[in-house]
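From first to last, the protein sequence lines are chains A and B. Start counting the first sequence at 89; every next residue gets the next number (my numbering). Start counting the second sequence at 20; every next residue gets the next number (my numbering).
These aren't lab readings, by the way, just hints derived from the structure by calculation. Hints should not be assumed to be uniformly reliable.
Unchecked claim - If you want a taste of the chain A side facing chain B, the calculated C-beta under 10 Å gives, among others:
{"hint": "1", "residue": "239"}
{"hint": "2", "residue": "283"}
{"hint": "3", "residue": "316"}
To be verified - Facing chain A, from chain B, some residues (calculated, C-beta under 7 Å):
{"hint": "4", "residue": "104"}
{"hint": "5", "residue": "115"}
{"hint": "6", "residue": "121"}
{"hint": "7", "residue": "132"}
{"hint": "8", "residue": "134"}
Remember, it's a predicted structure, so these values are computed and weren't measured experimentally. All residues carry an ideal CB built from backbone N, CA and C; glycine is no exception.
Read off the chains here:
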Amino acid sequence: MASPRGAIERTLAEIGHVLEQSLFAETLSRRAGLLQALDPRVKVVGLLSLLIAVSVSRNLWVIVGLYGVALGLAVVSRVPLSAFVRRVWFVLPFFTGLIALPALFMTPGPTLWSLPFGLVVTRTGLLTALFLLARVGTSVSLALLLIWTTPWNTLLKALSVLRVPDGFILILAMTYRYIALLLGIVDDMFLSRKSRVVGRLSTADERRLLAASAGALLGRSLQLSTEVYLAMQSRGYRGRPRTLDTFSLTTRDWAWAIGLVALAALAMWLGQLGG
Amino acid sequence: MAEVVFELDKVDFAYEGGQPALKDVSLSICAGERIVVLGSNGSGKSTLLKLLDGLYYATAGSLKAFGQPLTEAAFTDDAFNFAFRRRVGLVFQDTDVQLFNASVFDEVAFAPLQLDLERADVITRVEAALRDLRIDGLRERPPHQLSGGEKRRVALASVLSLGPEVWLLDEPTTGLDPRSQSWLVDFICAQGAAGRTVVTATHDLTIVDTIADRVIVFGEDHHLAAVGTPAEILGNAELLLACNLTHEHWHRHPGQREGHRHLHVHGAPHDHDHERNG
Chain A
89 MASPRGAIER TLAEIGHVLE QSLFAETLSR RAGLLQALDP RVKVVGLLSL LIAVSVSRNL
149 WVIVGLYGVA LGLAVVSRVP LSAFVRRVWF VLPFFTGLIA LPALFMTPGP TLWSLPFGLV
209 VTRTGLLTAL FLLARVGTSV SLALLLIWTT PWNTLLKALS VLRVPDGFIL ILAMTYRYIA
269 LLLGIVDDMF LSRKSRVVGR LSTADERRLL AASAGALLGR SLQLSTEVYL AMQSRGYRGR
329 PRTLDTFSLT TRDWAWAIGL VALAALAMWL GQLGG
Chain B
20 MAEVVFELDK VDFAYEGGQP ALKDVSLSIC AGERIVVLGS NGSGKSTLLK LLDGLYYATA
80 GSLKAFGQPL TEAAFTDDAF NFAFRRRVGL VFQDTDVQLF NASVFDEVAF APLQLDLERA
140 DVITRVEAAL RDLRIDGLRE RPPHQLSGGE KRRVALASVL SLGPEVWLLD EPTTGLDPRS
200 QSWLVDFICA QGAAGRTVVT ATHDLTIVDT IADRVIVFGE DHHLAAVGTP AEILGNAELL
260 LACNLTHEHW HRHPGQREGH RHLHVHGAPH DHDHERNG
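Using the sequences and the accompanying hints, generate a full structural model.
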């Protein structure tokens, strides 16, 4: 039996959603905010330091404090708070929550609540689950802050500060660039199908349609990759990419880099005190 | 006498699987010439440009550039490869193929960087190319977010930053609005006026006499069908018809009982010289 919403409509909606998200991130990254104005290398190093502090902290309040820092940075960077919070905490329970759930009942410790069927929530279990949720939520928030306040191409170039090889950065950049192009092709492909399909297709027909589209897209992407390689060769590419780093650090960048790393160091020290 | 830039002697090219793209092509292109390569879709125009750019190699016959054979073995020598790439630039038909970097600045800097130019020289060239093509404001933009006309300018800038002596342009006016098309024709003319060799593949007959000193026509059989001045080629209706560059068009005027045929050029203003064509 055919699904209430056909494969074509679902695919189109998904593509629209991905493009919308990409556009949203690009728009945010160009706003006049604090993080947007910083050198991307400072953001990479600073936010990575905070991420490490979150990962090694054994004090829940330190992690909560770092989440507060992330919220503060979002506000001064003109990132809409509701979207920032929703993006993390609406998705998190489905993934991390499922992993954290057994810890509530299976970690030995003083009993907090007794539930039917002999299930017991322990204090240690609750703390373990909260730790996991807080760690993941704060880490994802910090990573999201970096992605939302930095244009993707600039962010990739900034990875060189972490000694990521130029070739790898070029491949990532090209992947991102051509995903956008291929999404456009898929969108056109499905729209053209939609314009010629009357009524609802059976599940078997939808499967055939999706398989044919996947095949056509694969063919197109293979052809595209061959042509792109020729275009690279034409401009002197010989398998060893060279890139240009045009970043320059200001006093303000240095101040923020030192500040963020110092904050991370303080959080690590406080985090070792336990909680 | 001007230096011979490209010399083709009985060149054949076939794609994998034996599908022929060019057959028995012999011609010479001299420095400073403005050449238009005409032909219908699939006649071998793009393949010829890729052969001239050393991206494909002749399957038979010989092809020389600046007196040196263009073979796969020649391009394994870095010195030859770098020297050739600095002198010859190809602008692809599909700008999405040409623009593979994440930002416009990186795109324009790509070629000079790969050819081991100094950092300061690269930046100077990029800035000049961005300024000359009036795309300075797009430098941080990802190419996939640009309009068709902007993409074409970035594609040209990505080659201009090399300062090539020879420009190879594959269908450069395809998909452009009239203003961008007119700007592009001016750009091609400016390169020609600066003494550069410009080879443009197109099937747009409306721009031929503006951008060419000599026209090379390919037939649908992948052979060279004719070589001549723009006036000679554009005045040869039978040749254009045989090479699928014009088609016979039948219509009837209001108030007339009889319809009639005349030649019609794709993308060109209608030729209503009925006495000659009808």
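| said: Min Cβ distance, residue 115 (chain B) to chain A: is it shorter than 7 Å? | reply: For residue 115 (chain B), the interface hint holds, since the closest Cβ of chain A sits about 6 Å away, which is under 7 Å.
| request: Grab the minimum C-beta distance from residue 104 (chain B) to chain A and call the hint holds if it beats 7 Å, violated otherwise. | output: holds, 4 Å
| query | Taking the least C-beta to C-beta distance, is residue 316 (chain A) closer than 10 Å to chain B? | reply | Constraint on residue 316 (chain A) satisfied, holds at 5 Å.
| query | Hint check: is the beta carbon of residue 134 (chain B) less than 7 Å from a beta carbon of chain A? | reply | Holds: closest Cβ of chain A sits about 4 Å from residue 134 (chain B), inside 7 Å.
| said: Does residue 121 (chain B) hold up as a contact with chain A if the rule is Cβ-Cβ below 7 Å? | reply: holds, 3 Å
| Interface hint status, residue 132 (chain B) versus chain A (Cβ within 7 Å) | Since the shortest Cβ distance to chain A is 4 Å, the answer is holds.
| field | Interface hint compliance - residue 283 (chain A) to chain B, C-beta minimum distance less than 10 Å | value | Violated, about 21 Å.
| task | May I ask you to test the interface hint for residue 239 (chain A) with respect to chain B, counting a Cβ-Cβ separation under 10 Å as satisfied? | result | holds, 7 Å
In terms of the numbered hints stated before, the structure departs from hint 2 and from no other.
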